[in-house]
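Trainee: Protein sequence lines correspond, in order, to chains A and B. Numbered by full-length UniProt numbering, the letters in the first sequence go through residues 1 to 324 in order. Numbered by full-length UniProt numbering, the letters in the second sequence go through residues 1 to 322 in order.
These are calculated hints, taken from the structure and not from any lab test. For each residue, glycine too, the CB sits at the ideal point set by N, CA and C. There may be inaccurate statements among the hints.
As the list claims (entries may be wrong) - The calculated label-pair distances, taken between Cβ atoms and stated as ranges, are:
{"#": "1", "chain 1": "A", "residue 1": "Val18", "chain 2": "B", "residue 2": "Leu63", "range": "41 to 49 Å"}
{"#": "2", "chain 1": "A", "residue 1": "Leu13", "chain 2": "B", "residue 2": "Leu149", "range": "13 to 21 Å"}
{"#": "3", "chain 1": "A", "residue 1": "Asp59", "chain 2": "B", "residue 2": "Leu63", "range": "36 to 44 Å"}
{"#": "4", "chain 1": "B", "residue 1": "Leu84", "chain 2": "A", "residue 2": "Val138", "range": "49 to 57 Å"}
{"#": "5", "chain 1": "A", "residue 1": "Ala154", "chain 2": "B", "residue 2": "Gln78", "range": "51 to 59 Å"}
{"#": "6", "chain 1": "A", "residue 1": "Ala154", "chain 2": "B", "residue 2": "Arg218", "range": "51 to 59 Å"}
{"#": "7", "chain 1": "A", "residue 1": "Thr170", "chain 2": "B", "residue 2": "Leu59", "range": "51 to 59 Å"}
{"#": "8", "chain 1": "A", "residue 1": "Leu162", "chain 2": "B", "residue 2": "Leu84", "range": "26 to 34 Å"}
{"#": "9", "chain 1": "B", "residue 1": "Ser77", "chain 2": "A", "residue 2": "Leu162", "range": "36 to 44 Å"}
{"#": "10", "chain 1": "B", "residue 1": "Leu84", "chain 2": "A", "residue 2": "Asp59", "range": "18 to 26 Å"}
{"#": "11", "chain 1": "A", "residue 1": "Leu104", "chain 2": "B", "residue 2": "Leu59", "range": "48 to 56 Å"}
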Amino acid sequence: MTGFLVRRLLNYLLLCLVATFLAYLLAAQTFDPLAVLQSRNPAPPPEAIAAKAHELHLDQPVIPRYLDWLGNALHGDFGRTVDGAPVSAELWRRVGVSLRLFLLGTVIGIAVGVICGVVSAIRQYRFTDYAITVLSYVILSTPVFLLGLLLKQAALNVNQGLGTELLRFTGEVTPNFSGGFGAALLDRLQHLVLPTLTIALGQIALYSRYQRGAMLDVLGSDFLRTAQAKGLTRRRALVRHGMRTALIPMTTLFAFGFGTLVIGGVFTENLFSWFGMGDWLVHGIGAQDANITATVTLFVAVCVLLSGWLSDVLHAVLDPRVRG
Amino acid sequence: MNRMAADTANTPGGPDAPATATAGAVRLGAAAGATRGRLTLRRFLRNRLAVAGVVVIVLLYVLAFAAPLFSPWDFTSQDPDAYLSPPSARHWFGTTQIGGDVFVQTMRGLQKSLSIGLLAAVVSTGLAAVVGAAAGYFGRWADRALMWLVDLMLVLPGFLILAIMSPWLRERGWFFFMLMLAAFMWMITARIVRGMTLTLREREFVKAARFMGESPWRIIFRHILPNMASLLIVDATINVGSAVLAETGLSYFGFGVQPPDVSLGTLIRDGAPFALTSPWLFLPAGLLLILGVLAVSFVGDGLRDALDPHASHGRFKEKKNA
């Protein structure tokens, strides 16, 4: 089993490298960070532009620039932005902001989604099943940015109804907040609810659909009847034998889901003014900054691949046949 | 697209389903196809949600292209007498900050989003069919190279790549944007097609065609791909929804359709900052978007159930009886 997991990890690392390479190449070829400088009026002297180009290493070919960036990145230095600030100075704060959102969203999404799917399958063609199905279809048809917008509006109504600002929807923390640790925690929680809900809802809808299908496949199988015939209660048989089997095909999906989540996070961060990685990408493209773009791509690739690898691990834990 | 992956094992054209239809694909094809087509149609019509989906999609297309003809406004025109006014008889969906008519703009956006969705779906399914079938049929290095490409494209976050390429795309218009969108949607289907081609390749009718000296590409287009037509139809349907969502998402950030042209995504983005005070700016575009994608997914589900004898509806009962 260790060999299997190590092989998968190496494969993922290779794909990660290729992904950042292509992203860097594309960004470096299409971006023109000097355009802002050149379009200034009066036009700056050519020497100034050449100096800026030299500062950004634009006078070198792309491949050595990439290798340079990669070599430094392995040491934790992700280059400088167009404005000259080091990328790594902002990186870790933004990673923290994004991960807080993604991890909470994923955990809630998987847990609630799997439960909804199982309930939906057990109550097939009854009211609960139809309600969950219709709701998840509607959510799946709603783009994240629209879902967040509608939630924002709903939160506004809630706030107005209660007369206090219970749910906050700008930023991850109140600027210049003063107060004790408990109050600060509460403040962060108030900011956290809406973005997390935005992300979790999509995941819940997605997983509940698949989990329902997987569970239905298992429900009619002989081993469940055997388990009950041996004297297990129906509930125990369903959870211990049914759900565990139905979870196996889901593990691959969890990895895929995390990938879509990182992209969805771009919208969510933008909508709720969280300064995370997604927001940074949009900013980086706006500023025509290859280093920021490549760094965010690396982050996304690492997230997707780590979750892919984790799903391999989960798969191996749940299905003994894989371990061999 | 993932929805398909879960069902590969049961899709028609898999191990045994189309045996009757393919036994004499060339001579009997027409007759067998007709009966099968009629059966599929009957089963599809029985699914009320799916039929409603078709009706909604057709209505949306008609609305998008015909409705602006009945409005005195143009999607670029401005009404200096009405800035940011709520819906009224004069402006059915209200106006924007600079006096643009939201109704006509929404219809224009609907046109763009629907066209991009439809075209991108057809292109991506076509690409998936050709690449998957080629990889499965030719095998060896072609298979290895193409599948490596698929793996790579799966790892590359399409959204990021399209966003990074947006300065390049900006100069080339929405058609190239649609092509790039399609270029990031075909991978999972290509894998499924490849798997099905691997089994079809060993079937008698394909072998017979090969021994008769037909060229490989002719075999792929005449004998292999028609046998997975149902999978491809369902895939294309589902892709329409994904493409519309991807397009609106990218346009939301300004990476997609460029002004002065509008799409549902740009409309929602422009309305978002005023969502709390003037909701008419984004609500029509948003609700039409949800409605359209919802209709497409119902049609996709209905098609899958109608084309697939083992589809999710009855699967439980069948297994119990077996």
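Trainee: Hint by hint, note whether the structure agrees.
Mentor: Structure-based check of all given hints:
Separated by about 45 Å at the C-beta atoms, valine 18 of chain A and leucine 63 of chain B satisfy the suggested range of 41 to 49 Å. Between leucine 13 of chain A and leucine 149 of chain B the CB atoms are about 19 Å apart, so this pair conforms to the stated range of 13 to 21 Å. At about 54 Å, the beta-carbon gap between aspartate 59 of chain A and leucine 63 of chain B misses the expected band of 36 to 44 Å. Checked against the given bound of 49 to 57 Å, the beta carbons of leucine 84 of chain B and valine 138 of chain A, roughly 29 Å apart, lie outside it.
Look at alanine 154 of chain A against glutamine 78 of chain B: about 32 Å separates their beta carbons, and that is not inside 51 to 59 Å. A hinted range of 51 to 59 Å holds for the C-beta pair alanine 154 of chain A and arginine 218 of chain B, which are about 57 Å apart. Separation of threonine 170 of chain A from leucine 59 of chain B is about 38 Å and departs from the stated range, judged on CB atoms against 51 to 59 Å. In this structure the hint that leucine 162 of chain A and leucine 84 of chain B lie 26 to 34 Å apart at CB holds, the actual value being about 29 Å.
In this structure the hint that serine 77 of chain B and leucine 162 of chain A lie 36 to 44 Å apart at CB holds, the actual value being about 43 Å. The beta-carbon spacing between leucine 84 of chain B and aspartate 59 of chain A, approximately 49 Å, falls outside the hinted interval of 18 to 26 Å. At roughly 40 Å, the beta-carbon separation of leucine 104 of chain A and leucine 59 of chain B lies outside the given 48 to 56 Å, and the hint is violated.
Violation of the numbered hints given earlier is confined to hints 3, 4, 5, 7, 10, 11; the remaining hints are satisfied by the structure.
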